[in-house]
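Colleague: This is what each chain is made of:
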Amino acid sequence: MKADLFEAPDYYLLDDLLSEEHKLVRDAARAWVKRDISPIIEEYAQKAEFPTQIIKGLAEIGAFGPYIPEEYGGAGLDQISYGLIMQEIERGDSGVRSTASVQSSLVMYPIFAYGTEEQRQKYLPKLASGEWMGCFGLTEPNHGSNPGGMETKFQDKGDHFLLNGAKLWISNSPFADVAVVWAKNEEGRIHGLIVERGMEGFTTPETHNKWSLRASATGELIFDNVKVPKENLLPGKNGLGAPLGCLDSARYGIAWGAIGAAMDCYDTALRYALEREQFGKPIAGFQLQQKKLAEMITEITKAQLLAFRLGQLKNEGRASTAQISMAKRNNVDMAIKIAREARQMLGGMGITGDYSIMRHMMNLESVITYEGTHDIHLLITGADITGIPAFK
Amino acid sequence: MHNKFRRIALSLWSFNQSFYPMKILVCISNVPDTTSKINFTDGDTQFDKNGVQYVINPNDEFGLTRAMWFKEKQGATVHVVSVGEADAEPTLRKALAIGADEAIRVNAHPSDGFFVARQLAEVVQKGEYSLVIAGRESIDYNGGMVPGMLAHLLGMNFVNTCISLEIDGNNATAEREIDGGKETLSTSLPLVIGGQKGLVEESDLRIPNMRGIMMARKKALHLVEPVEAPQRTQDQKFEKPAPKGAVKLVDANNLDQLIDLLHNEAKVI
Ligand SMILES: Cc1cc2nc3c(=O)[nH]c(=O)nc-3n(C[C@H](O)[C@H](O)[C@H](O)COP(=O)(O)OP(=O)(O)OC[C@H]3O[C@@H](n4cnc5c(N)ncnc54)[C@H](O)[C@@H]3O)c2cc1C
Chain A
1 MKADLFEAPD YYLLDDLLSE EHKLVRDAAR AWVKRDISPI IEEYAQKAEF PTQIIKGLAE
61 IGAFGPYIPE EYGGAGLDQI SYGLIMQEIE RGDSGVRSTA SVQSSLVMYP IFAYGTEEQR
121 QKYLPKLASG EWMGCFGLTE PNHGSNPGGM ETKFQDKGDH FLLNGAKLWI SNSPFADVAV
181 VWAKNEEGRI HGLIVERGME GFTTPETHNK WSLRASATGE LIFDNVKVPK ENLLPGKNGL
241 GAPLGCLDSA RYGIAWGAIG AAMDCYDTAL RYALEREQFG KPIAGFQLQQ KKLAEMITEI
301 TKAQLLAFRL GQLKNEGRAS TAQISMAKRN NVDMAIKIAR EARQMLGGMG ITGDYSIMRH
361 MMNLESVITY EGTHDIHLLI TGADITGIPA FK
Chain B
393 MHNKFRRIAL SLWSFNQSFY PMKILVCISN VPDTTSKINF TDGDTQFDKN GVQYVINPND
453 EFGLTRAMWF KEKQGATVHV VSVGEADAEP TLRKALAIGA DEAIRVNAHP SDGFFVARQL
513 AEVVQKGEYS LVIAGRESID YNGGMVPGML AHLLGMNFVN TCISLEIDGN NATAEREIDG
573 GKETLSTSLP LVIGGQKGLV EESDLRIPNM RGIMMARKKA LHLVEPVEAP QRTQDQKFEK
633 PAPKGAVKLV DANNLDQLID LLHNEAKVI
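Chains as they are written, first to last, in our numbering: chain A, 1 to 392; chain B, 393 to 661.
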């Protein structure tokens, strides 16, 4: 892998809108990615392994629950800081960002928002420090875009719950210490349960042969008559809205993260185009390549503005699910298109692992699929503006 | 009797050492990131700050990192100072996030080397620092004058281009880079250092972690007004180096052509 020469584009001087602390947090994450992610990530993606040695660093830069209050081990930062951290991590790799998103938005957030004080005290500090890693089980083999149809269920057995079912495509599952699992009770109502590694009947086989997010571990969660203590139920919220609330938080982070991947592709392509000569001049001097670069920086700038405004709304508690869907959909689509164009600009060199672009391109295929597919987010916007849901 | 007295004196001395930890002041200049695009405005007299990212001057960052080592291993207190306007504060805040205990900003445009040295001298005197670590030069204007002037104004010992520093009580051992080699010096506190890479290595530099950033929120950043001091030089004009000329490639087999070009065209041989 080539040396990481990344310089972040800021065409509209958006840095002026950020606070001193936002920039401090962002620059620390950026420097950490340069030092600890860029030199190793290609190797881990090639061998399809999650680099566990980075967990401590992720915790140190505040990637685990930055907006969780300090009393639970979080950093008490605002939502824009969270977004900036996700942007910088995904600039390195979407798989690493996925690990951080899951830990923050899908594990720490539900425990913080829906959990009891005892649950918060028990889990959040260890999750913030990376001592424990978590995963989030919603998707099932037969229910992806339609999680409300889930089959995983639990029965009340007096002094415990009995959990049965299976989850598929679960990020971090192979090494997670705790899983936030969504399952239906006997009345068919969805609840969140905290399942811990080591509980009898609970296994997490890894999913192999992914062509995407290869540096992130994905697997199944299998529950075969797992006895879950009653105090592990998240009492604060139930129904489909509970897991969807977590997804709002994660999708918000992805809207920022995708900008990071796009910035890395653009920056790489720009540098390459200025250095690579064909027909006696740098390829950046040809109109076709300039069109690509000019469109890339335009789209990145628009995505940055979208994310920043969404961050302000989120800070004020006013960001709607539909607004978050729009940003996730737009920004991931923008990133994947930029990755494809940037890849072509590098010609044959774009095919090798010497450059990050093709890895980003493949990673973004998962990012455009998980946390609501590209289609589903469009349907969410459609339902929001017409009042007519078109899912079924 | 005599011996016993010496033992008491010695233990009092070491008691003193642990009771009054070394006070270090790290002088930090706020400079454009090395990747910044450099432009000038107002008829090439002013640096164009638009879109420029500022960082801790690299030579000062080596010094700060060494100071952190003295803090952690020898219980020193570390303060940082910058002579600069409000836009220098993020850089000081970063130094606090890295681990400095307090920061001071002298509220003035750092107009020239003497002006800055005079302001720093005031801060050192008021704060009673025994070790002042500055950078050999700042990478913006590369004046390289401040640490020497500062040592002179304070009457302190001075080691420039310092690449290694050990402190034991009041004694200091420093290494300097000299042409083609190294020089090892012994000196004593109070001391001013003009530091550079070697004080610590690049891999030792610290990225502020979240805990540091959170703690930095609560640390003091004192604002002090400048003392009267003359500005002894004025910038008249800045010029950028001429753009790189076209490259001529000569085939490895055509040595005669190369010699001809070097002799007749470049006129260097
Ligand atoms: C690498 C990776 C990691 C993941 N991590 C997690 C995780 O940690 N936790 C978790 O719970 N899940 C996770 N997922 C699962 C992910 O959220 C689902 O894959 C996603 O929601 C889509 O579900 P599906 O794969 O079953 O596709 P389906 O829902 O079967 O969709 C297939 C296609 O049909 C389209 N479609 C579906 N319904 C409609 C409709 N009504 N109208 C029009 N088109 C429709 C979709 O847009 C898509 O193009 C992960 C997935 C991947 C690939």
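Since the hints were made in silico from the structure, they are not lab data.
There may be inaccurate statements among the hints.
[What the hints assert, rightly or not] Mimicking EDC-like on lysine to aspartate or glutamate, the simulated pairs with C-alpha atoms at most 20 Å apart in a straight line are:
#, chain 1, residue 1, chain 2, residue 2
1, B, Lys441, B, Glu477
2, B, Lys610, A, Asp78
3, B, Lys611, A, Glu70
[Stated by the list, open to error] If you want the footprint, here are the derived chain B segments under chain A, 3+ residues with CB under 8 Å:
#, stretch
4, 483 to 497
5, 593 to 601
6, 604 to 613
The C-beta atom is built at its ideal place from N, Cα and C for all residues, glycine as well.
Colleague: Return the numbers of the hints above that this structure violates; sort them in rising order.
Modeller: none
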